[in-house]
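Given the coordinates of chain A, work out where chain B should sit on it, guided by the hints.
From first to last, the protein sequence lines are chains A and B. According to the numbering used here, the first sequence is numbered sequentially starting from 14. According to the numbering used here, the second sequence is numbered sequentially starting from 28.
Misleading hints may appear alongside valid ones.
[Said to hold, decoys possible] Simulated coverage check for chain B against chain A, where a stretch passes if three residues somewhere in it have a Cβ under 8 Å from a Cβ of chain A:
hint, stretch
1, 57-70
2, 145-153
3, 175-185
[What the hints assert, rightly or not] Cβ-to-Cβ under 7 Å is the rule here; a few derived chain A residues that face chain B:
hint, residue
4, F99
5, T111
6, L113
No lab work stands behind these hints: they were computed from the structure. Glycine included, C-beta positions come from ideal geometry on N, C-alpha and C.
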Amino acid sequence: MINSIEVHGLCKSYGDFALQNVDLTLPAGSIMGLIGENGAGKTTTIKCILNLIARDKGEITLMGYDNIRQERLAKADVGVVLDECFFHDPLRPQDIGTILKPVFSTWDEACFHHYLDQFALPARKPIKGFSRGMKMKLSLAAALAHHPKLLILDEATAGLDPVVRDEILEEFLSFIQQEDHAVLLSSHITSDLEKVADYITYLHQGQVVLSDSKDSILEHYGRVGCTAQQLSEVEPGDLLRVRRGTFGCEGLTCNRGRFQRKYPHLMVEPTSLEDIMLFVGKGEDL
Amino acid sequence: MIGLMFKDILVLRKTLRSYLLFLLFYVGMAAMGLFSVSFITAFVQIIVMVLPMSAFAFDEQAKWDRYALTLPVGRRAVVTARYLFVLLMIFTAALFALVSCLFLSLFQQGDMLENLGTSAVALALGLLAADLNLPMSYAVGPERARPYLYATVFLPVVAIIGAANLGWLDGLDQLSPSVLTTLFLFIPLLPLVGLPISYLISCRILEQKEV
Numbered sequence: 014m015i016n017s018i019e020v021h022g023l024c025k026s027y028g029d030f031a032l033q034n035v036d037l038t039l040p041a042g043s044i045m046g047l048i049g050e051n052g053a054g055k056t057t058t059i060k061c062i063l064n065l066i067a068r069d070k071g072e073i074t075l076m077g078y079d080n081i082r083q084e085r086l087a088k089a090d091v092g093v094v095l096d097e098c099f100f101h102d103p104l105r106p107q108d109i110g111t112i113l114k115p116v117f118s119t120w121d122e123a124c125f126h127h128y129l130d131q132f133a134l135p136a137r138k139p140i141k142g143f144s145r146g147m148k149m150k151l152s153l154a155a156a157l158a159h160h161p162k163l164l165i166l167d168e169a170t171a172g173l174d175p176v177v178r179d180e181i182l183e184e185f186l187s188f189i190q191q192e193d194h195a196v197l198l199s200s201h202i203t204s205d206l207e208k209v210a211d212y213i214t215y216l217h218q219g220q221v222v223l224s225d226s227k228d229s230i231l232e233h234y235g236r237v238g239c240t241a242q243q244l245s246e247v248e249p250g251d252l253l254r255v256r257r258g259t260f261g262c263e264g265l266t267c268n269r270g271r272f273q274r275k276y277p278h279l280m281v282e283p284t285s286l287e288d289i290m291l292f293v294g295k296g297e298d299l
Numbered sequence: 028m029i030g031l032m033f034k035d036i037l038v039l040r041k042t043l044r045s046y047l048l049f050l051l052f053y054v055g056m057a058a059m060g061l062f063s064v065s066f067i068t069a070f071v072q073i074i075v076m077v078l079p080m081s082a083f084a085f086d087e088q089a090k091w092d093r094y095a096l097t098l099p100v101g102r103r104a105v106v107t108a109r110y111l112f113v114l115l116m117i118f119t120a121a122l123f124a125l126v127s128c129l130f131l132s133l134f135q136q137g138d139m140l141e142n143l144g145t146s147a148v149a150l151a152l153g154l155l156a157a158d159l160n161l162p163m164s165y166a167v168g169p170e171r172a173r174p175y176l177y178a179t180v181f182l183p184v185v186a187i188i189g190a191a192n193l194g195w196l197d198g199l200d201q202l203s204p205s206v207l208t209t210l211f212l213f214i215p216l217l218p219l220v221g222l223p224i225s226y227l228i229s230c231r232i233l234e235q236k237e238v
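So that you can see chain A by itself, here it is in the shape it has in the complex (with noise of 0.2 Å):
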C-alpha cells in the first residue's frame, strides 16, 4: 500500500534556523504524532509537506502524488486543521460548506452537517460567538466533510479543555478505522499522543532524534535512576542523555532491559514520551 506521507531528505533553512534532513514515513492506517520543543521545526515541516513555504531541498509525497509538481492531486485527499480557525468571523458554519462545496469534488453537505451536529455546533450562528473549542471543532468538521484520506493537524488541539480534546481523539481514531486513511497530528500535550499515535517522531533543533512506532519507544526506553558516583560507573554508549540534580541523576536508556541485565542494582523504569522530551531538550550527553 501506498504511504500517506514520505519526506525525504527535507531542507528548509532559515538562516538562524534550519530543518536538516528530515526525512519521516506515515503509512496508511495509521497516526503519526510530531513532536518537539517549540521552534524545533514541526510547523516548519507540516508547512513543507502542505507547500505552503518553499524548501531547500528533499523531496515530499502525499499519497504517492508529488506535494508541488502534482499539488492539486495531492491536497484533494487531505484534511488540513491548523493552529488556528482560519474562517472569518462574520461566517456562519453553514457558509462554510458554501465556500467549500465548489472547491471538493467529493464534498459531502450532509455529512458536513453530521458533525456539526455531532459537535453540537449551531449552524447559523456567527463564528465570532464561538469558543476556541468550538472553532478548532468547526475547523475539523470542514476537513472531514469532503472525505479525506489524510488529515494533517498542527497543534490542533493545543488550548483545548480535556473533554474537547478526547472528543477530537476519538474522531481520530475512528478516522483511521479504514485502512487508507491516515493522520499527521503535531502536538505537545504527549499523553494525547500516547493515547492515539500509531508512531512517534520528535524534532529537535530541526532534526528528527526519534522516529519509530510508539509501543515500540515505550517498550524499550527507560528512566535511570541513580547517584552521581553510580552514573559515573556506567559506559558512555549506554545512556543516550543524562540529567544531574542536587539530590541525584537521571538517565535515559533506548534498550531498557539489555541496561537492567547490564546493570541489575540500578532501577529502571519505563519512560514516557515527556520525560523522552525532558530528557533530549534539557538534558546532556553522558
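Quick look at chain B alone, frame taken from chain A:
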C-alpha cells in the same frame, strides 16, 4: 475558485447590504430632488475603492491565505477569485450608478451627459484602484497598502488640476456631446488594459509568498 469568490461575498455581505441601502436611500432622495445625483456617483466611487481593501483586511485578520493555500485549488486560483470578485463589485456598482443616472434623468435630475461621465469615472477609478492596490495588498498587506489607495485617489485629481492649469484641457467644454460621450466610454478602458498586468504581478507575488 467559485468557492473563494463566494467567501468574499459572504464575508462582506453585511457591508454590501448596508451599501445597497445607502445607495437606494440616495436614489430616493435624489428622485425627490433633495440630493444631487453626484452623491450617488461619489458614493459608488468610494465603494469600489474600499471594498477590495476590506476583503483583504478580513482575510488578513483571519489569516485566510494560509488556509486557502492548503486547498486543492492552486495559488493562481486564489488570486483569480479575488480579481473576479473585485471586478464583479466594480461593474455592479458602476452599473448601479449608470442605471440610477438614467432613472433620475426621467425626473430631470442633473445633466444626463455629466452623470454618464461621472459613472464612467467611478468605473475607471475602481479599476485603477484595483490595478494598483491588489498587487500592493498581496505584496505588503492591506494596512501598508492603504497609502497607495489614497495615492490612487489623489494622483488623478492632481494630474487633472495640473493639466487644467497648464491649459491642456482648454476647449474641452467646446466638444460636442457625441465626442464627450465617446471620451467618457474610453476612460475606463485605460485601467482595464492594465488589469491583466496587475493580475500577473499579483500571481507572481503570491507564488513566491511563504505563508
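Checked hints:
Remark: the stretch 57-70 of chain B is not confirmed as covered by chain A, as 0 of its residues place a Cβ nearer than 8 Å to a Cβ of that chain, below the required three. Closer than 8 Å: that is the beta-carbon criterion, and the stretch 145-153 of chain B has 0 residues meeting it against chain A, so the requirement of 3 is violated. Here's how the stretch 175-185 of chain B fares: 0 of its residues keep a CB closer than 8 Å to some CB of chain A, so the rule of at least three is not met and the hint is violated. With a least beta-carbon distance of about 3 Å to chain B, the hint placing F99 of chain A at the interface is held under the 7 Å criterion.
The interface hint given for T111 of chain A holds, since its Cβ lies 5 Å from the closest Cβ of chain B, which is under the 7 Å cut-off. Taking 7 Å as the C-beta contact cut-off toward chain B, the hint placing L113 of chain A at the interface holds, the least distance being around 6 Å.
The structure fails hints 1, 2 and 3 (numbered hints given earlier, in ascending order).
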